[in-house]
Amino acid sequence: MTAQTPFIALDRSGVEALSERFAEPRWMREFRLRAYAAAEALPMPTTAEEEWRRTDLSSLNLRAFHLDPAVPSGPSARPDLPPGVIFASLAQAVRDHPDLVREHFMQHCVRPEESKFRALHGAFWTGGVFLYVPERVDVTVPLSGAVWIQSAGVAVFPHTLIVAEPGSKVTLLDDFGSMAGSWEAFVDPVVELVVRDGATVRYVSRQDWLAAVTEIGIVRGRVGRDAQLHTLLADFGGRITRRNVESLLEGPGGSSEMLGVLFGHNSQHFDLHTLQEHRAPHTHSDLLYKNAVKDRSRSVFSGMIRVHQGAQKTNAFQANRNLILSAGAKADSIPNLEIMANDLRCTHGSATSRLNEEHLFYLMSRGLRRVDAVRMVVEGFFAELFDRVPLPGVRMALQQDIDRKMVQ
Amino acid sequence: MATTNPLGINVEKYKYGFFEPEHYVFKARKGLDAAIVNEISHMKGEPDWMRAFRLHAYEHFGRRPLPKWGADLSTINFDDIYYYIKPTEKPVSSWEELPAEIKRTYDRLGIPEAEKKFLAGVGAQYDSEVVYHNLKQEWEKLGVVFLDTDSALKQYPDLFREYFGTVVPPEDNKLAALNSAVWSGGSFIYVPEGVKLDIPLQAYFRINAKNVGQFERTLIICEPGSYVHYVEGCTAPIYTSDSLHAAVVEIIVKEGARCRYTTIQNWSTNVYNLVTKRAVAYRDATMEWIDGNLGSKLTMKYPSVYMVEPGAKAEILSVAFAGHGQHQDPGGKVIHAAPHTQSVIVSKSIAKDGGRAGYRGLVKIYPGAAGSRSAVRCDALILDDRSRSDTYPTMEIDEEDVSITHEATVSKVSDEQLFYLMSRGVKEDEAMNMIVRGFVEPIVKELPLEYAVELNRLIALEMEGSVG
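In the order they appear, the protein sequences are chains V and Y.
Counting in my numbering, the first sequence tops out at residue 408, every number present.
Counting in my numbering, the second sequence tops out at residue 468, every number present.
The hints are simulated quantities; they were obtained by calculation from the structure and are not laboratory data.
The C-beta atom is built at its ideal place from N, Cα and C for all residues, glycine as well.
There's no promise every hint is true.
[Claimed, not checked] As a list, the in silico SDA-like pairs of lysine to any residue whose alpha-carbon atoms are at most 20 Å apart:
id	chain 1	residue 1	chain 2	residue 2
1	Y	Lys364	V	Thr47
2	Y	Lys364	V	Arg354
3	V	Lys313	Y	Arg386
4	Y	Lys412	V	Asp343
5	V	Lys116	V	Ser13
6	V	Lys116	V	Thr46
7	Y	Lys412	Y	Asp353
8	Y	Lys364	V	Glu51
9	V	Lys313	V	Arg354
[Said to hold, decoys possible] Residues from chain V shown here face chain Y by an in silico Cβ test under 10 Å; the list is partial:
id	residue
10	Thr47
11	Glu49
12	Gln312
13	Leu325
14	Ala327
15	Ala331
16	Glu338
17	Met340
18	Thr352
19	Arg354
Just chain V, with the same shape it has in the complex (with noise of 0.2 Å):
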């Protein structure tokens, strides 16, 4: 690849670059700094620590990768919405509304200094969303957001922040896709999801690269008392993911929903991180990730449910199922669990399986043909899940994507 002028190196100049770009106020530009800061102190992390020991980096060269602002990444349609609902691309919110966006972009949910890639995102992050729901309104219509790669060694650091005040109401969609090609990229996305007192927020994230691209992110939610989160995250694509999905629950009453979907094939590799952390009593989550690998693929799911001391009467649960379509496949399942309370229930549980043969008998006995009858078993295996989803535009999306997978 040849870098052009308006590309922006992965260095400090490119930070400073970047903020000049979008004609920054100078608390975010040191902020970046800061940030940047952070992520060269910070080292890259390395199979020999057990968070990463599933995921090797030593193949990724940061740089050689580059920055485009031009990538276009943020709200993808702009429906009417109740007064005070800010809806806008995060560049848009930093110009607009200043004050929201530094009370809470990486402030207090997610913060540079946690890693590498955290740090990195805090320094060059670009587009994506930034969701404001005032107290008590309910943002009855389903919002959007997209992220879309075309280019070729471009690295994009898509930022989503939602902040759902006291009893309001919203659902985000979050869509990540590129061209098609054997090009790389590198993707570094991290999504705040604050859900205050009362609040109910569905955060659904669909990611289907169709690039080489590698994805190393973070999607976390701190939720309040009496408040709900819902998390859908599906994956189909990219090279290599590896993503953290966390709730914390903070105020006693709260609830956690968290989906996962995933589908690999060929040689693609998924590393799929969960976190259940119960802070306050009363609190609730419910976590369901069902992966199928084919070919070469691999996926790894590692979750985990803490229960600090006092988080009394917490109800926690934790499924995660794979199904193997391929010899060659690999599905690695790593469920645990670190409890310090003791009133409780929690629950968690794994199987790993491949097409139970009896099913397909029988389908075909009574006139399928075999690549049917087993569509049909796969699209079974995750129809428990997406029963759970009430949103039926998401549900034949998420169904398309599977046939398409298991097909390609």
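Dock chain Y against chain V, hints included.
Frame of chain V, contents of chain Y only:
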């Protein structure tokens, strides 16, 4: 002796919390270097290959870092440990020859009673050397060998050399390297083809000197079609300075054979218990680990079974009880490296008084291990809000044609259960005891009677004062 009373137990009442004055024939100096390793080998009159093996292991021990995962091991001071102590000149063959204080120790452990009950031969380990060994004559006739490991090296050099270090090589981990360098004592069992021992073989282990590391080495070979049940019960007196127990157990279970290995571990609460236990199971062979962990400051122990030929089976049952200041990190590993292999892991852990108990395990299915099945079940009971339970299962599945399940629950003793029992006139502490006994019942019922009784009694002791 200072009674720190770490378990909330009345130490005077605590039958196993006694100790005898030290009286030793030889005492090596603290710490470890090549000269001590040489000295140990020389004192034991070992062949050159074993001396070379020890030195190689020592060299690896020095180079190998401590594991980064799991509990913090950096508090172990490897220079503050005696690596070899020889209590008497040589193993004795009858009870009468034992030193009086050792006899007293065993009296309190109940060994003579075990004899009277016509139990199997008792191999008792006092500090670093097996001092008392009694093998029933009829088994000798069958060709069964049950010796302390040092004697086995002398009496069966070829057999010993063929298997020693093949299941757990010194390079396996830092603690295995340490054990390989300084091992002493342990049991050696050889069961010839087709011989089925219907009475368990038993050994009691003890640590009884300040800062004495126990580095026993056990090797069990089950020839095709044989069966043996080996029982190791560990009880240790309470001491004030930290102690290290780093044993290695190697088991070879050949075609169609079955081996069951039962451990009731009750080290005093200052002992680091870091044990490498591993078995290799061949075609249609069965390996069963039954592991009860009550004592110690920290236990990290993951009995493993490598199923290397079709039809091999593994069963791991684990009970852990962590009281104040204790961290129990037991678990199990099952490696499916051949088709149609099966494994079951059941783990029950209880934490109280700020203790930390749990399960850490691995289910690994290699490509080609088609038709393999594995089921893992972990249950945890937390008795108060200061204690902690961890579950770290790992499943690595590289094969399509498999069925793998894992389930875990963590809960407290439910008020309904307590209320029901109390409404039947059972007092609260007794009710609590009954519920905990019921919780561990699936594993206790697999133990020989004496051990089931002992385990229940130990749990009752640990449970004292947990109500109100």
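Consistency of the hints with the structure:
For a cut-off of 20 Å, the pair hint linking Lys364 (chain Y) to Thr47 (chain V) stands: about 19 Å separates their Cα positions. Our distance criterion of 20 Å between C-alpha atoms is met by Lys364 (chain Y) and Arg354 (chain V), whose separation comes to about 16 Å. The suggested pairing of Lys313 (chain V) with Arg386 (chain Y) holds, with an alpha-carbon distance near 15 Å, which does not exceed 20 Å. Restraint check for Lys412 (chain Y) and Asp343 (chain V): satisfied, since their Cα atoms lie roughly 6 Å apart, inside the 20 Å limit.
Between Lys116 (chain V) and Ser13 (chain V) the CA atoms are separated by roughly 18 Å; this keeps the pair inside 20 Å, and the hint holds. Among the hinted pairs, Lys116 (chain V) with Thr46 (chain V) is consistent with the structure: their alpha-carbon atoms are about 12 Å apart, no more than 20 Å. Pair hint Lys412 (chain Y) plus Asp353 (chain Y) holds up; C-alpha atoms about 14 Å apart against a cutoff of 20 Å. A distance of roughly 18 Å separates the Cα atoms of Lys364 (chain Y) and Glu51 (chain V); the hinted pair therefore holds under the 20 Å criterion.
For the hint pairing Lys313 (chain V) with Arg354 (chain V), the CA-to-CA distance comes to about 37 Å; that exceeds 20 Å, so the pair is violated. At a threshold of 10 Å, the smallest CB-CB gap from Thr47 (chain V) to chain Y is about 12 Å, leaving the interface hint violated. Against a cut-off of 10 Å between C-beta atoms, the interface hint on Glu49 (chain V) holds, since the closest Cβ of chain Y lies about 8 Å away. Taken as an interface hint, Gln312 (chain V) checks out: its beta carbon lies about 7 Å from the nearest beta carbon of chain Y, inside 10 Å.
Hint on Leu325 (chain V) holds. Least Cβ distance to chain Y is approximately 7 Å, under the 10 Å limit. The criterion of a C-beta within 10 Å of any C-beta in chain Y is met by Ala327 (chain V), whose closest approach is roughly 5 Å, and the hint holds. Taking 10 Å as the C-beta contact cut-off toward chain Y, the hint placing Ala331 (chain V) at the interface holds, the least distance being around 5 Å. For Glu338 (chain V), the suggested interface contact is upheld, since its CB lies about 5 Å from the closest CB of chain Y, less than 10 Å.
Nearest Cβ of chain Y to the Cβ of Met340 (chain V): about 5 Å, under the 10 Å cut. The hint holds. At its closest, the beta carbon of Thr352 (chain V) sits 4 Å from a beta carbon of chain Y; the interface hint therefore holds under the 10 Å criterion. At about 5 Å, the closest approach between the beta carbon of Arg354 (chain V) and any beta carbon in chain Y falls short of 10 Å, and the interface hint on this residue holds.
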